[in-house]
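**Q** Given next are the chains, with one letter for each unit.
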Amino acid sequence: GQQVMQIPQYQHVQEGEDFTTYCNSSTTLSNIQWYKQRPGGHPVFLIQLVKSGEVKKQKRLTFQFGEAKKNSSLHITATQTTDVGTYFCFKGNFGNEKLTFGTGTRLTIIP
Amino acid sequence: ETGVTQSPTHLIKTRGQQVTLRCSSQSGHNTVSWYQQALGQGPQFIFQYYREEENGRGNFPPRFSGLQFPNYSSELNVNALELDDSALYLCASSSNLGVSNEQFFGPGTRLTVL
Chain A
1 GQQVMQIPQY QHVQEGEDFT TYCNSSTTLS NIQWYKQRPG GHPVFLIQLV
51 KSGEVKKQKR LTFQFGEAKK NSSLHITATQ TTDVGTYFCF KGNFGNEKLT
101 FGTGTRLTII P
Chain B
1 ETGVTQSPTH LIKTRGQQVT LRCSSQSGHN TVSWYQQALG QGPQFIFQYY
51 REEENGRGNF PPRFSGLQFP NYSSELNVNA LELDDSALYL CASSSNLGVS
101 NEQFFGPGTR LTVL
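Going down the list, the protein sequences come from chains A and B. Start counting the first sequence at 1; every next residue gets the next number (the working numbering). Start counting the second sequence at 1; every next residue gets the next number (the working numbering).
None of these hints come from the bench; they were simulated from the model. The beta carbon of each residue, even a glycine, is placed where N, CA and C say it ideally should be. Do not take every clue at face value.
[What the hints assert, rightly or not] Listed next, the stretches of chain B that the computed footprint assigns to chain A, with coverage defined by at least 3 CB atoms under 8 Å from CB atoms of chain A:
1. 19–27
2. 101–107
[As the list claims (entries may be wrong)] Among chain B residues calculated to face chain A with C-beta under 7 Å, some are:
3. Gly42
4. Gly58
5. Leu90
[Claimed, not checked] Across the chosen pairs, the derived CB separations fall in these ranges:
6. A/Glu67 with B/Ser27: 34 to 44 Å
7. A/Ala68 with B/Phe69: 40 to 50 Å
8. B/Glu52 with A/Gln9: 31 to 41 Å
9. B/Thr14 with A/Glu67: 46 to 56 Å
10. A/Met5 with B/Leu39: 19 to 29 Å
11. A/Gln80 with B/Glu102: 19 to 29 Å
12. B/Glu54 with A/Lys70: 41 to 51 Å
13. B/Glu52 with A/Thr20: 36 to 46 Å
Construct the complete structure from the given sequences, taking the supplied hints into account.
**A** Here's what the structure looks like:
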């Protein structure tokens with residue numbers, strides 16, 4: 001099936017360190033979205049990337065879409081305790097392909 | 001808050017029973033997607049409804065069925081419940097079809113099957 005793998009599965013960092021999660025698809029993506037899910041919460045939309053090689057920034061978060069549109073990354077600079085949660089990439093054009101979440105990367109912060 | 005509501009919040013059923021979960025989409029949104037999230041796992045796509053029609057389905061058996069109403073609210077029905085159906089059920093609403101768009105998730109319904 002259409003798999004979307006993320007690495008690492010878990011990441012523990014000291015507060016203030018950087019964090020990166022990588023998302024890889026077995027097929028070329030028309031676009032990719034990123035969501036954050038806090039413990040006990042629901043997924044919250046962060047961003048959508050559409051263009052090959054696209055880079056978008058939101059404060060300390062940097063999102064990249066690979067040139068081949070098969071991979072993406074999320075980088076957080078100087079993590080804070082509020083960054084705790086699981087980060088999912090997500091793919092799917094409504095009606096055209098199955099909506100698929102990546103396997104997720106769970107981030108924990110050591111104060 | 002996303003404006004997407006789900007009911008009930010929690011539910012306990014026994015094997016073989018049937019359950020109906022409800023979702024009210026955000027105002028102006030015509031598309032609702034349902035997901036199943038087992039503990040410690042990512043959400044798995046069940047199906048999507050657009051303007052009252054099923055518009056895509058994941059790898060779930062036919063005992064998972066749904067409806068969307070004229071006001072775009074939606075129901076998820078699960079028949080013949082199995083223990084593995086225990087999970088958080090999330091609905092998400094969005095506004096466009098054909099262009100992948102931001103999904104707004106509800107708080108979920110936690111279903112426990114005993």
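**Q** Take the hints in turn and mark each one as holding or not.
**A** Against the structure, the hints:
1. Proximity of the segment 19–27 of chain B to chain A, defined as three or more residues with a beta carbon under 8 Å from a beta carbon of that chain, is not established by the 0 residues found.
2. Beta-carbon proximity to chain A at under 8 Å applies to 7 residues in the segment 101–107 of chain B; the threshold of 3 is reached and the given coverage holds.
3. Evaluation of the B/Gly42 hint against chain A yields a held restraint, the C-beta minimum of about 4 Å falling below 7 Å.
4. Contact between B/Gly58 and chain A, as hinted, is supported at the beta carbon level, the nearest pair being about 6 Å apart and thus within 7 Å.
5. A hinted interface residue such as B/Leu90 counts as satisfied when its beta carbon comes closer than 7 Å to some beta carbon of chain A; here the least separation is about 6 Å, so the hint holds.
6. Evaluation of the 34 to 44 Å hint for A/Glu67 and B/Ser27 yields a pass: the beta carbon distance comes to about 39 Å.
7. In this structure the hint that A/Ala68 and B/Phe69 lie 40 to 50 Å apart at CB holds, the actual value being about 42 Å.
8. Between B/Glu52 and A/Gln9 the CB atoms are about 39 Å apart, so this pair conforms to the stated range of 31 to 41 Å.
9. B/Thr14 and A/Glu67 have their C-beta atoms about 52 Å apart, which keeps the hinted 46 to 56 Å range intact.
10. Between A/Met5 and B/Leu39 the CB atoms are about 20 Å apart, so this pair conforms to the stated range of 19 to 29 Å.
11. Hint check: A/Gln80 to B/Glu102, Cβ distance near 24 Å, so the stated range 19 to 29 Å holds.
12. Taking 41 to 51 Å as the suggested C-beta distance range, the pair B/Glu54 and A/Lys70 does not conform, at roughly 29 Å.
13. Evaluation of the 36 to 46 Å hint for B/Glu52 and A/Thr20 yields a pass: the beta carbon distance comes to about 42 Å.
Checked against the numbered hints above, the structure violates hints 1 and 12; every other hint is satisfied.
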